[in-house]
Structures are given as structure tokens and as C-alpha cells.
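Colleague: If you want the building blocks of each chain, they are given just below.
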Amino acid sequence: MGPLTKVPAPTLVIKYEGIFDFEGLYKTLVSWFIDQGYRFEELSLKHKVPSLAGTELEYIWFAWRRHNEYTKFCVDMIFKLYDAKDLDVIKDGKKKRLTKARILCEFHGYLELDYSKRFGGNKFLQGLNKFLQYQILMKPMEGVIGSMWWDELYYRTLKLHAVIKEYLALEAKGNAYFDMW
Amino acid sequence: MVERETVIDKLRLTYEGLFVATDLYQMIDNWFRQKAYDKRENKNIEKVTPDGKYIEIELEPWKKITDYARIVIKIRLIMNDVKEIEMEKDGLKVRMNQGKVHVVMDSYLETDYENRWEGSPVFYFIRVIFDKFIFKPLTGGWKSEVVHDTNHLYGQIRSFLNLYKFSTETFTAPRPQYNAP
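Just so you know, the protein sequences line up as chains A and B, in that order.
So that you can map any letter, position 4 of the first sequence is 4 in the working numbering, and since no number is skipped, the others follow by simple counting.
So that you can map any letter, position 145 of the second sequence is 145 in the working numbering, and since no number is skipped, the others follow by simple counting.
It is worth saying that the hints were derived from the structure and are not from the lab.
Among these hints, one or two may not hold up.
Unchecked claim - Taking CB as the label site, the calculated pair distances span:
1) A:Gln135 / B:Leu13: 44 to 50 Å
2) A:Ile34 / B:Pro121: 50 to 56 Å
3) A:Met148 / B:Glu3: 35 to 41 Å
4) B:Glu16 / A:Glu42: 42 to 48 Å
Said to hold, decoys possible - Footprint (simulated), chain A over chain B, 3 or more residues, beta carbon under 8 Å:
5) 22-29
6) 36-45
7) 49-59
We put the CB at the ideal spot given by N, CA and C, even for glycine.
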């Protein structure tokens, strides 16, 4: 078993069907990542030819942030909209464009270890990396390499999850673990 | 591999009437936080249908007991035909939900969740011997904790939904185990 490069956190999923402000949601997500010090990249955007049911859109986003010299927090996000249709709604006397769609939102958070490849050079350095991971970082950290960082990454991703739930005004919103990190 | 033993299997609760969906979710979330569980939200689905909202939430938080064992409570909340209504209570207008709630709870005791004892057949053999003969009183205690936590949460949900008056049954002991002849 060689040194690890990725330590994944559980995937978080939100599915929603209804009317919402997609533009606002997009901006909220991007600003959350920027506020938290992440670099945000939109890896792909697919837009299928609209059918009678509506448009299908797929966004793949990747956000990362250097946590320390050795660890990087990464979040892969897949955001899909099915049967999306724009609607004009009058709210408080103002016309607003909203979207009616089905959403599938998945977050895959993971820790990237030795992201700068400092230990990637020769066999000795790779062995040193393995020793660092399995003998030094693992022991006080309950069996998972880098679990204290993992914990932080996971609870931060949960916060993002809560932000989306709040934005969509889901009934199951709120996060009792808001003060974890 | 992690050994997962089912301690409570499909403990169900059905309710139809008035409730506040957000408060129910937050009560469960807070309960897990207070009992030092780590949060895990597998699913969060919400759909707006003509009959009301359909909400499905699956939580699977876990709590470490030792480096060897941990408790996992899986709770599935399915809410159907959830409508928002306004009520007058003590002269104040209160927003509530009306609909059907179905709760399904499963509890597990997971052992060797760090996969430390699966390296070789000898390790596995030692682990089985320890589990069967040496750790047996300990495992019994852990199972009681699983049962206690699950019942407590179940009671909290029931009291939240004001169902206590309809209930006479209690769950106080783990399921008896039958050895095959």
C-alpha cells in the first residue's frame, strides 16, 4: 500500500423540485466559496437542446483551498437541472424571473494530501511520505489519515449543504453543527 | 470489513396531522449533536406536488464508543402531502404544516470500523474469538447503549408529535439472539 493522495468524505446529496431563483442560488454558492477562501472553477457546463419538458443543464464545479503545506481541501460539485423552465413571477410588485426545475446537487469533498508533490520525487521520499502518513499522522487520528483535517473539511462541506437548503427554503433546513469549524 | 450488527430493525412511527417540519428536523439534528454523534445526511429530497410537499430525509449519524466499536442510527423521515397552514394560537398567528409523517429507524453496532483486524486470516481469527468469548459482556453493554439512544430519540420524536398518549409499548432490551441448532 503506497502513500495516500486522497481521503474522501461522505457524499452529500440534495434533490429538489419546485420554483426557485437559480441565478441567486448560483451567486450564493460562488460567494460562499470565495468567502471561505476557496478557488472556484467551473469545469463544465452542458446545455441540452430544450424539449417540451424543458431544458437540461449540468454544471460541474471544483473548488479547492490550501489548508496547510501538506493538505488541500477539495470539493467536487455536480449540479444538474432537469426540465428547467423560466417563469416570470410578480413578487412585492416587482417582476422577477424564476426557474421551475428538478435539481440534483451532489457534493464530493475530499482531502488531497501532498498536493505539491514534495514527497513524489524518489523512492526514499515516497517511503518517507508513507511513514509520515501511517506512523505519525495516523496514530493520534483514529485510524484515518489526516482525520482532524478530514473533520474540518466534512463539517465545512456540511455548512455549504446547509446554505443551499436555506436558500431553497427546504423544510429540512438548519444545521445543529454550525459551530463545529 | 466493518461488521455491522443490526440491533434495532425498522422501528416505525406514523403520524398524520399538524406539525412543524422544520422544527422536527431541527429537533432530531440537535438531539444528535447533544448526544455527540457525528452528522451524516445521506439524502435530502423535497418535491412540490399538487397535493403538497413530498419530503424525504435520510440521516445516518454515528458515534464512536471505542476505537473498535461505534453506534450508527439510521433514520428515514418521509413526509407526504405536507401543506402549509396558518393557525391562531393564543391570539397569535402561527404557521404550521399539515401532512403525513413516516419515520423508520434502524440502529447498528459497527465493530472494527477502522478495518484494523482484517489484514490477515490470523487477525480475523483472533478477532472472531475475542468477539465471541472475551468481548461478549462489553458488546452487550454497547448494544444496550444503542437501544437506549434509539429509544430516547424515538421518544423525543413521539413526544414532539404528541403521540405519547397513544402508546403503551416500550423497547428496553436488545433483540434476543437465537443460535441455530
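Colleague: If a hint holds in the structure, say so; if it doesn't, say that too.
Modeller: Hints versus structure:
Roughly 48 Å separates the CB atoms of Gln135 of chain A and Leu13 of chain B, a value that falls within the hinted 44 to 50 Å. Range check, Ile34 of chain A to Pro121 of chain B: about 52 Å between beta-carbon atoms, so the 50 to 56 Å window is met. The hinted range of 35 to 41 Å is not satisfied by Met148 of chain A and Glu3 of chain B, whose Cβ atoms lie roughly 26 Å apart. In this structure the hint that Glu16 of chain B and Glu42 of chain A lie 42 to 48 Å apart at CB holds, the actual value being about 44 Å.
With a threshold of 8 Å between beta carbons, the proposed coverage of the region 22-29 of chain B by chain A holds, since 4 of its residues qualify and at least three are required. With 7 residues carrying a beta carbon less than 8 Å from a beta carbon of chain A, the region 36-45 of chain B meets the three-residue requirement, and the given coverage holds. Residue count for the region 49-59 of chain B with a Cβ under 8 Å from a Cβ of chain A: 3. That meets the three needed, and the coverage hint holds.
Going through the hint list in order, the structure does not satisfy hint 3, though it satisfies all others.
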